[in-house]
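Engineer: Please model the complete structure; the sequences and the hints are all you need to start from.
Below are the chains, spelled out letter by letter.
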Amino acid sequence: MRHIDTNETNRDETNRDETTAVTSDVVVRITDLAVHFGAAKAVDGVSLDVAPGEVVALVGESGSGKTTLIRAVQGLQPVTAGSIELPGGESRGRRRRPDVQMVFQDPTGALNPRQTIHEIVAEGLRIRRERGDETARVIEALGRAGLRPAERFLHRYPHEISGGQRQRVVIAGAMVMEPRLLLADEPVASLDASIRGEILALMRSLVDETGLAIVAVTHDLGLAWNIADRIAVMYLGRIVELGPAEEVLADPQHPYTRALLSVVPEMERMEQQILVGETPDPARIPTGCRFHPRCPVVASGEAARLGIEARCRGEDVVLTERSPAHSAACHATA
Amino acid sequence: MTLDERGTVDAQGPYDTPLLQVDDLHVTYRTRSGDVPAVQGVTFTLERGGSLGLAGESGCGKSTLANAILRLLPTGTQVDGSVLLAGQDILAMKPGRLRSVRWTEGAIVFQGALHALNPVQQIGKQIAEPMLLHRTQPSKGAAARRVRELLEQVGLPGDRARSYPHQLSGGQRQRVLIAMALACEPALLLADEPTTALDVMVQAQVLALLADLRGEHGLSMIFITHDLSVLTDVCDSLAVMYAGRVVEEGPSDRVFRSPQHPYTRALAAAFPTIGDPASRLRPAGLAGDPPDPANLPGGCAFHPRCAVAEDRCRTTTPVLAPVAAGRRAACLLVEAAP
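One line per chain: the protein sequences are G and Y, in this order.
In this text, residue positions in the first sequence follow this note's numbering: the first is 267, and each later residue adds one.
In this text, residue positions in the second sequence follow this note's numbering: the first is 87, and each later residue adds one.
For the record, the hints were derived by calculation from the structure and aren't laboratory data.
Glycine included, every Cβ here is placed at the ideal spot set by N, Cα and C.
Certain hints may be false.
Stretch by stretch, here's where chain G covers chain Y in the computed footprint (C-beta under 8 Å, at least three residues) [claimed, not checked]:
(1) 212–224
(2) 306–320
(3) 365–374
Structural biologist: As structure tokens, then:
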């Protein structure tokens, strides 16, 4: 267990070799993080800073390691190497941090059907024995999540409200802890089209109004366009492209990003590049650039023409800057 | 028209009639707490080789409609109107005939590929089952050969026939379900949210596969989803449903790009066009929830959520009326075509 909590006011207790001084302009600093499950390298060297008041969309296919990454940040997943620093706020050693909260994909599965909305939202407070003004805090959180008047919802059960309202209850349950960082795993993937926009608008308004930071795991680039300030594209345990959302979507630098963008329905201006197969087994990461076996630049002969095919197949590639704040890990576009 | 010895229209169907004609279809579920009208007067026609997208929120009646076409609804459900598949009256059909029509004329692919497969049987056996049941293949050997063919057709190696469902990924299982639906060479494939649980890249693979099947085998399709942008990519025409009725229909790209009904406008805006400044950092939703089918609002069922509703919308129920060539919408505020 090397999940690192840094408390700046009490550094002697929490300081470890991996930690360095962290300024207060980040809510989380991830440095060279690795999470391995036996031979499977689910996260294999990820560095990412998230600032207060920003939304980072973590995009990629199943098996890219994006869910494992946010589970590690939440402290649900032991870290193999590297560090996760969560500056500021209250720190209690290895215990999960109240200022980092998580929202899952399926609101129906996340709610206990036998509990009232009040009990569900208050659960975090009760676990942390913050019982003082519980009802007032629950009402405030419900209101923030757009469930108004909140008093009308307190004594209802999950089955008595709609799917969109359930996801708002899940968000209220996270917001009641007054988090600095919200980790959202496919927050709208199981919701109807009409509700999707409402929940995304809510997430964006929480960021704009309270300075909350959100890391949203998604495979939906439309979501990124709708709410994200930055996009981190993950492939097989690594971030392969990172940058401002507009730049990444308008001028993708990695062939994997280009392929993901080309298969978004309604992206007619791009020729579809449907990659064959699925993300390879993280226990057998390909040599060279880990994307090369599925890479359209290699498959089309473009890499050979550029004289870089041997490097694509044999030489690992790291993120390099393409413009300030925009970087990609690709031999062809370096 | 050619008739076979059973007195019904030849399985191939006469080519001058549409493959599917649904006329004034009503479906009412009988529940303990009363009747729930799920589909209220839906009429459409699907030509051979055509593809129709049915869009709408959960509970709008789109899955009920698909299930009604193959009579897959719970016993006791009240179904009125008519469904003619290749000229044959599905609602009047005897159970034996219906069973064979379900695989040989129209087959359905559901979402949630894991639950639709038997976990303890090799997938090849599951794909072969309808062929042997409906005797579309003369022997087990012939069925096994056809299974390999089908697997290759959906982009899986033929020797995957010996795999069990848990040995396959989600996308591969969805391909297996498509192979199974194609086993008896149906003319119509009903796909109910076939890509909803899948990753983007796998979704693109499955959509491309379905497009190939249409192109190469002349398969007709009805595609059901709440994601309007997916439908626009794969369907020629689009019908948007709200509270059991079709509220807008027409050629899919035109319905998506210039929606006439306020509900279609909200659905189309829910999926942003990447690069469009209007939706950047401005997610668009639709306030409120779909109405309870057992307790629909009067007048236009959409009026409580409609941003432009007027007084008359509360009392007058709009009907589908032509708004442009090949397009119809059910909204009092949309100008009728001259």
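Engineer: Within the region 365–374 of chain Y, is the number of residues with a Cβ closer than 8 Å to a Cβ of chain G three or more?
Structural biologist: holds (count 9)
Engineer: Counting residues of the region 306–320 of chain Y whose CB is closer than 8 Å to a CB in chain G, do you get three or more?
Structural biologist: Our answer is that it holds, as 7 residues pass the Cβ test (under 8 Å) against chain G, meeting three.
Engineer: Check, residue by residue, whether the region 212–224 of chain Y contains three or more positions whose beta-carbon lies closer than 8 Å to a beta-carbon of chain G, and give the verdict.
Structural biologist: Coverage by chain G is violated here, the residue count being 0 at a Cβ distance below 8 Å.
Taken one by one, the earlier hints fail for this structure only at number 1.
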